[in-house]
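Enquirer: From first to last, the protein sequence lines stand for chains W and D. To convert, note that position 37 of the first sequence is 33 in our numbering; the numbers rise steadily by one, no gaps. Each position in the second sequence, counted from 1, maps to that position plus 46 in our numbering.
Honestly, I wouldn't trust all of these hints.
[What the hints assert, rightly or not] Residues of chain W placed beyond 12 Å of chain D at every Cβ, according to the derived structure: (1) 124; (2) 167; (3) 176.
[To be verified] Pairs of lysine to aspartate or glutamate, EDC-like flavour, derived with a Cα cap of 16 Å: (4) W/149 <-> W/6; (5) W/-2 <-> W/43; (6) D/101 <-> W/29; (7) D/101 <-> W/55; (8) D/101 <-> W/43; (9) W/-2 <-> W/47; (10) D/55 <-> D/84; (11) D/101 <-> D/123; (12) D/101 <-> D/130; (13) D/101 <-> W/6; (14) D/101 <-> D/59; (15) W/-2 <-> D/115; (16) W/149 <-> W/22; (17) W/148 <-> W/43; (18) W/148 <-> W/6.
Please keep in mind that the hints were generated in silico from the structure rather than gathered at the bench. Backbone N, C-alpha and C define an ideal beta-carbon position, used for all residues, glycine too.
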Amino acid sequence: MKTWTPDASEHFESWLGSVRLSVASDPSLDADDITQDLRAHVHAELEAMPEPVTIGALDRVLDSLGNPSQWSETLKPPAEPSASWFQRHVTDVVAEWQKRLAGDWGLPVMLLAVTVLAIPTFDWIGTPLLLLVYFVARAQVNYAPQSLTGHKKWIVYFPLAIGAGVLAGLVLGFPLTLLNGNGNSFETMWMLGSWWVVVGVLAARDPKRVQSALKPFAGAFDASHARLLSLVGAAFLIASSVILLSR
Amino acid sequence: MSWTTQLRKGALELAVLNALNGDRLYGYDIVRLLRRHDGLMIGDGTVYPILSRLKADGLVRATIEDSPDGPPRKYYELTRVGREALNEMNHAWQSLVSSVEELRQSAHKGNR
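Extracted from the complex, chain W is given alone in its bound form (with noise of 0.2 Å):
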């Protein structure tokens, strides 16, 4: 199979995209259908083209197919000449953003509107939420990174980045949930700095371990800072005993 340039590849998805947008709103014709065709259109078309297949080369072959929203008016019978205001103005831009919704937009849209109803309920509801929302979306960043461009992309990072913050907050916080409001300041630090040693020596042997749980936000965590968490946590832990044994 020939490279393409990044370019090419994300114009490509980024194309049929919008075919899968064109044809949703006919329910009699299979988007994943057309755009299994055109993949195999578009490919034999570039078959004779050096590599790396550039944007420009691209461009050219699906200019041939034409535009791809006159394509499901090809099967649509004539419009009718007058419509209402009503026809106008809800039910088509009704219609519009059910198309936008169950095209490539539907789960990025989902996952921000599950993140931004489930954080005023964040403690019994939303958590759960923000979990689930943060391993679909990391599903989609890993699986099919192809499929968010531009837009799309930042829409699903934002339930990511707060999955991931209520994810490493209910690693690292886990002894406040034991002692569920219960002790004294200098008990808690104590909990939470032996936690942190031990946390800090799990990550510390294998950090990629974190990275891949914290994907994308922790490409960077290696052994040094899991370390330092280690120390931090030994700091806590020997402060805190130093003023409990004292009293």
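Fit chain D to the supplied structure of chain W, relying on the hints for placement.
Expert: Below, chain D without anything else, positioned relative to chain W:
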């Protein structure tokens, strides 16, 4: 939209079915076949929604095969229902063309 574009759109579905008559082709093969005939194609991409619709209507079936040169290819062939529908459509088309031609000829000769 021009009258010729409308006419092409109407004829394209019939052309796709005829291209598949007795053959098993993938989408790009069909496009190349239709390109050889002047006046049929509006844009190459128009063929793919038509194939998707024909498949949903049960007139064609598709099988996916790996390709050594690129992504997997979807090969289309007519179903029994598709062959029957194509016969009917070809008859209707022939009758339409004959009628229009007769009218044109008679107008040309002035015998009405």
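Enquirer: Confirm or reject each hint.
Expert: Against the structure, the hints come out as follows:
Residue-level check passed: residue 124 of chain W sits 38 Å from the nearest beta carbon of chain D, beyond 12 Å. Residue placement check: residue 167 of chain W keeps its beta carbon more than 12 Å from all beta carbons of chain D (closest about 41 Å). Residue 176 of chain W, annotated as away from the interface, keeps every beta carbon of chain D farther than 12 Å; the closest lies near 55 Å. Simply put, residue 149 of chain W and residue 6 of chain W have alpha-carbon atoms about 12 Å apart, close enough for the 16 Å limit, and the pair holds.
Of the pairs offered as hints, the one joining residue -2 of chain W and residue 43 of chain W holds, with about 8 Å between alpha carbons and a cut-off of 16 Å not exceeded. Distance hint between residue 101 of chain D and residue 29 of chain W is fulfilled; the C-alpha atoms sit about 10 Å from each other, no more than 16 Å. For the suggested pair residue 101 of chain D and residue 55 of chain W, the alpha carbons sit about 29 Å apart, so the restraint of at most 16 Å is broken. Distance check on the hinted pair: residue 101 of chain D and residue 43 of chain W sit about 27 Å apart at the alpha-carbon level, beyond 16 Å; violated.
With a CA separation close to 6 Å, the supplied pair residue -2 of chain W and residue 47 of chain W stays within the 16 Å bound. Under the criterion of a C-alpha separation no larger than 16 Å, the hint pairing residue 55 of chain D with residue 84 of chain D is consistent with the structure, at around 14 Å. Between residue 101 of chain D and residue 123 of chain D, the direct Cα distance comes to roughly 10 Å. Compliance with the 16 Å bound is thereby established for this hinted pair. Distance hint between residue 101 of chain D and residue 130 of chain D is fulfilled; the C-alpha atoms sit about 15 Å from each other, no more than 16 Å.
Distance restraint check for residue 101 of chain D and residue 6 of chain W: the Cα-Cα separation of roughly 29 Å exceeds the 16 Å cut-off, and the hinted pair is therefore not satisfied. The straight-line distance between the Cα atoms of residue 101 of chain D and residue 59 of chain D is roughly 12 Å, inside the 16 Å bound, and the hint therefore holds. The hinted pair formed by residue -2 of chain W and residue 115 of chain D meets the criterion: a straight-line CA distance of about 8 Å does not exceed 16 Å. Distance check on the hinted pair: residue 149 of chain W and residue 22 of chain W sit about 27 Å apart at the alpha-carbon level, beyond 16 Å; violated.
In summary, the hint linking residue 148 of chain W to residue 43 of chain W is not supported, as the alpha carbons are separated by about 31 Å, beyond the 16 Å threshold. Between the alpha carbons of residue 148 of chain W and residue 6 of chain W the distance comes to roughly 13 Å, so the proposed pair stays at or under 16 Å and holds.
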